[in-house]
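Student: Here the protein sequences line up with chains A and B, keeping their order.
The numbering used here puts the first residue of the first sequence at 1, with every later residue one more than the last.
The numbering used here puts the first residue of the second sequence at 573, with every later residue one more than the last.
Hints listed in this document are in silico derivations from the structure and should not be mistaken for laboratory results.
One thing to keep in mind: the hints can contain errors.
[To be verified] Listed below are the simulated DMTMM-like cross-link pairs for lysine to aspartate or glutamate, each with C-alpha atoms no more than 20 Å apart in a straight line:
hint, chain 1, residue 1, chain 2, residue 2
1, A, 417, A, 377
2, A, 216, A, 320
3, B, 641, A, 315
4, A, 391, A, 448
5, A, 391, A, 525
6, B, 641, A, 259
7, B, 634, A, 320
8, A, 308, B, 630
9, B, 641, B, 630
10, A, 338, A, 525
11, A, 153, B, 644
12, A, 186, B, 744
13, B, 641, A, 320
14, A, 324, B, 633
15, B, 665, B, 676
16, A, 321, B, 627
17, A, 369, A, 259
18, B, 641, A, 448
19, B, 634, A, 326
20, A, 391, A, 368
[What the hints assert, rightly or not] Label pairs and their calculated CB-CB ranges:
hint, chain 1, residue 1, chain 2, residue 2, range
21, A, 184, B, 685, 50 to 60 Å
22, A, 43, B, 615, 38 to 48 Å
23, B, 599, A, 348, 38 to 48 Å
24, A, 348, B, 730, 53 to 63 Å
25, A, 43, B, 742, 33 to 43 Å
26, B, 670, A, 143, 53 to 63 Å
27, A, 43, B, 733, 48 to 58 Å
Note that the structure is a prediction, hence the values are computed from the model and not measured.
Think of the CB as a built atom: it goes at the ideal place given N, C-alpha and C, for glycine as much as any other residue.
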Amino acid sequence: MGQTQSDQPTLLTGAQAIMQSLVEQGVTTIFGYPGGAIMPTYDALYDYQDQLHHILVRHEQGAGHAAQGYARMLNKAGVCMVTSGPGATNLITPIADAMLDSTPLVCIVGQVRGNLLGTDAFQECDVIGMSMPVTKWNYQVVDANEIPEIMAKAFYIAETGRPGPVLIDITRTAQSDKMTIPFEYKPIKSLVSYKPRIEPKAEHVEAAAKLINAAKKPYILAGHGVLISGAEQELNDFVDKTGIPVATTLLGMSAMDADHPLYVGWPGMHGNYGANVLTNSCDVLIAIGMRFDDRITGDLASYAKQAKVVHIEIDPSEVDKNVKADAPVIGDAKSALKALLPLVNKNEHTEWRNEFKKYDAEEYEKIDKKDIFHDGDKIKMGEAVHMLSNKTKGEAVVVTDVGQHQMVTNRYYRFKKRNSIVTSGGAGTMGFALPAAFGAKVALPEREVIAIIGDGGFQMTLQELGTIAQSGLPVKIIILNNNFLGMVRQWQELFHSRRYSFVELQNPDFITIAKGFGIDGHKVEDRAELSASLDTLLNSKTPYLLEIVCEKEGNVFPMVPAGGSVTNVRLE
Amino acid sequence: MLTTYTISVFTTNTVGLLNRITIIFTRRRLNIECLTVSETERKGVSRFTIVIRNENREFVEKLVRQIRKITDVLAVFGYLDDEIVFNEIALFKIATPLHGESIDVKTINLDWNAKVVHWGLEYVVVEKNGTEDEIHEFYTYLKKWEILEYIKSGRVAVGKTEKGLVAYLPEEGNWEIV
Ligand SMILES: Cc1ncc(C[n+]2csc(CCOP(=O)(O)OP(=O)(O)O)c2C)c(N)n1
Ligand SMILES: [Mg+2]
Chain A
1 MGQTQSDQPT LLTGAQAIMQ SLVEQGVTTI FGYPGGAIMP TYDALYDYQD QLHHILVRHE
61 QGAGHAAQGY ARMLNKAGVC MVTSGPGATN LITPIADAML DSTPLVCIVG QVRGNLLGTD
121 AFQECDVIGM SMPVTKWNYQ VVDANEIPEI MAKAFYIAET GRPGPVLIDI TRTAQSDKMT
181 IPFEYKPIKS LVSYKPRIEP KAEHVEAAAK LINAAKKPYI LAGHGVLISG AEQELNDFVD
241 KTGIPVATTL LGMSAMDADH PLYVGWPGMH GNYGANVLTN SCDVLIAIGM RFDDRITGDL
301 ASYAKQAKVV HIEIDPSEVD KNVKADAPVI GDAKSALKAL LPLVNKNEHT EWRNEFKKYD
361 AEEYEKIDKK DIFHDGDKIK MGEAVHMLSN KTKGEAVVVT DVGQHQMVTN RYYRFKKRNS
421 IVTSGGAGTM GFALPAAFGA KVALPEREVI AIIGDGGFQM TLQELGTIAQ SGLPVKIIIL
481 NNNFLGMVRQ WQELFHSRRY SFVELQNPDF ITIAKGFGID GHKVEDRAEL SASLDTLLNS
541 KTPYLLEIVC EKEGNVFPMV PAGGSVTNVR LE
Chain B
573 MLTTYTISVF TTNTVGLLNR ITIIFTRRRL NIECLTVSET ERKGVSRFTI VIRNENREFV
633 EKLVRQIRKI TDVLAVFGYL DDEIVFNEIA LFKIATPLHG ESIDVKTINL DWNAKVVHWG
693 LEYVVVEKNG TEDEIHEFYT YLKKWEILEY IKSGRVAVGK TEKGLVAYLP EEGNWEIV
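Just chain A, same shape as in the assembly:
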């Protein structure tokens, strides 16, 4: 099969190779921000606009979080593209966030010319060194010929196993140089030095099934791994057969219908009463795709000591890291649950399930009721979210920022649809929600996407209102405004004898700001108008901002004080 001279493919520049790789990888959307060191690639992008939808954000952090929201909705890598130096450093926060929350990202970062590397050239910074602790993998490209292979590797590593962020630092010369070999994009299916286990070992599954079948009081903690592997159905089948009560972690929310009779809420610092306390009563604790974060376990020395632990986890380094596993199952949640299902016995566990109900009732009396059906005149965050949940029938995608409103949202939004929560869990990054909600909406425009943000966090990334306005996508934004950095204020109230040290904000007029960006909105203060206000928000065909002025010094309960035991739950 001799090739004649004229058949020779034209050689691409590195920049064109980046574009072509993205197209062949199936990427359709890029969140980015241009600058000097990435200009050759932006120039190539000009010719790829039909195939690659580029969204110009207002700050690189926004690009990163938007890519995270996008990735979490679709369970495939979000792509962001930024320039060197400050462009890259601005991306570090979302990368760190994505690392902790197992979110696949491919970050394409411009770098100074190859001959200037290491010379403190204009906008040079050691992005590889800086991002090393917060990336799953990173790589510096100095040779255009490497680009297709490195791009393929980046997507493979970001999306498989325990997903995570990958950064590729590409010198300006590697972008502008012509490749000397014909472009060929071969998706990578395996790497010799990276072997995530998806299918669990049969003996692991058998050992786990044995423990589960012998259990009198088994208890499931379902985490983000269920959403990432798309194991919601498998989890349901498993639970329906075994009759085991399930709590979902903050990131595992929406893994199960909140109204499922076996759903018992969530564990952790602001999680449910029973879901916390009964961790120390169960005899077999089944952790699925979660990593026993300290916000869940509190004091490890008194955490679930009585229980045998089954730990289904894709990342072997998480097993035994915080809680020792009696039956570790290394593999992804979906495959593990599938493999377990035929081995577990049918059961009801009615009595055990009823133990949760007692706690639920007390929690409802002491907390929910006061949050939702009070007779104060100030709106409480809880009632706003409760009402929103009812109005949307629990079917919206909810994106939260970080703080009291985040905890309240997860308490009162009753998720009915799978994969519907996007929140910054591991890193707790304020400023996450607005861009992440935008990214989620880009990914799934047909779904209602609602961002719930605090007045503090909103001011960290509010410039992305511009991005949202420019896109025209009807992202619904709620600010739960308590005029405080509420979560910090709560800690200062409870643990620092009300010494309110720099937590009160003088806030701008949020609605004027939104309108300045071309986004409609209004503010509600009166409880009587809350319902109509939410209707206006939900009925809007364009992006909309609803500012809900809330009680200033409301606290989130239940609360397991940091480092305390899960049985030591404060209800007020």
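Got chain A; can you put chain B with the ligands on it based on the hints?
Tutor: Just chain B with the ligands, lined up with the frame of chain A:
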């Protein structure tokens, strides 16, 4: 009790990997006693030998799993001293001034199993191979003379098993011998 662990890390030959590995130690405030990076008998495979001391075996096991998680790491082993054959190499530059006490080459050779590898004008360089303890003892002996400089390499170690490295590497690799 502080126990010495030797961690052998086999990796693909990738720029920056040393950094990625050491971050795992720094994050846990763990001091690296010594570190040796070397090539292996297999093409494209590098080997890091890291010695740490720690009281907690579980902690070391977790550390090993964290290292194994790094993309580009092929295999990791944590060894106790009795599971490996290991050695270090030390060089001592000793002053031998014209009228000073001359060194005792015979004792150095026979009793200490070391050798003079370089004769300078008013100094010699002595080389000694051995474990940390053996080298330390030798150091004490040499103190009779003025030690101008002393340097010791990191540990090199191989596991006490009949298996070769390739037995532990992922099967589908092309582990060509160099
Ligand atoms: C980037 C960042 N800085 C600081 C914090 C610490 N922090 C956690 S919650 C919180 C208060 C958030 O206030 P607000 O956004 O108004 O939400 P609220 O708690 O009032 O609902 C702060 C400052 C953080 N999580 N992230
Ligand atoms: Mg606030």
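Student: Now, for every hint given, state plainly whether the structure supports it.
Tutor: Right, here's what the structure says about each hint:
1. 417/A / 377/A: violated (33 Å)
2. 216/A / 320/A: Measuring from Cα to Cα gives roughly 24 Å; hence the hint is violated.
3. 641/B / 315/A: Cα-Cα ~8 Å, so holds.
4. 391/A / 448/A: Judged against 20 Å, a Cα distance of about 12 Å means the pair holds.
5. 391/A / 525/A: Holds. Residue 391/A to residue 525/A sits at ~19 Å (cutoff 20 Å).
6. 641/B / 259/A: violated (38 Å)
7. 634/B / 320/A: With Cα atoms ~8 Å apart, residue 634/B and residue 320/A stay inside 20 Å; holds.
8. 308/A / 630/B: Judged against 20 Å, a Cα distance of about 19 Å means the pair holds.
9. 641/B / 630/B: At roughly 17 Å apart (the allowed maximum being 20 Å), residue 630/B and residue 641/B satisfy the hint.
10. 338/A / 525/A: With a Cα-Cα distance of about 49 Å, the restraint between residue 338/A and residue 525/A is violated, given a limit of 20 Å.
11. 153/A / 644/B: holds (12 Å)
12. 186/A / 744/B: holds (18 Å)
13. 641/B / 320/A: At roughly 14 Å apart (the allowed maximum being 20 Å), residue 320/A and residue 641/B satisfy the hint.
14. 324/A / 633/B: Judged against 20 Å, a Cα distance of about 13 Å means the pair holds.
15. 665/B / 676/B: Cα-Cα ~14 Å, so holds.
16. 321/A / 627/B: holds (17 Å)
17. 369/A / 259/A: With Cα atoms ~18 Å apart, residue 369/A and residue 259/A stay inside 20 Å; holds.
18. 641/B / 448/A: violated (37 Å)
19. 634/B / 326/A: Since the Cα atoms of residue 634/B and residue 326/A sit roughly 16 Å apart, the hinted pair holds (cutoff 20 Å).
20. 391/A / 368/A: holds (18 Å)
21. 184/A / 685/B: 50 to 60 Å: holds (58 Å)
22. 43/A / 615/B: 38 to 48 Å: Holds - the Cβ-Cβ distance for residue 43/A and residue 615/B, about 39 Å, lies within 38 to 48 Å.
23. 599/B / 348/A: 38 to 48 Å: holds (46 Å)
24. 348/A / 730/B: 53 to 63 Å: holds (57 Å)
25. 43/A / 742/B: 33 to 43 Å: holds (40 Å)
26. 670/B / 143/A: 53 to 63 Å: holds (58 Å)
27. 43/A / 733/B: 48 to 58 Å: At roughly 56 Å between Cβ atoms, residue 733/B and residue 43/A fall inside 48 to 58 Å, so the hint holds.
In summary, the numbered hints that this structure violates are 1, 2, 6, 10 and 18.
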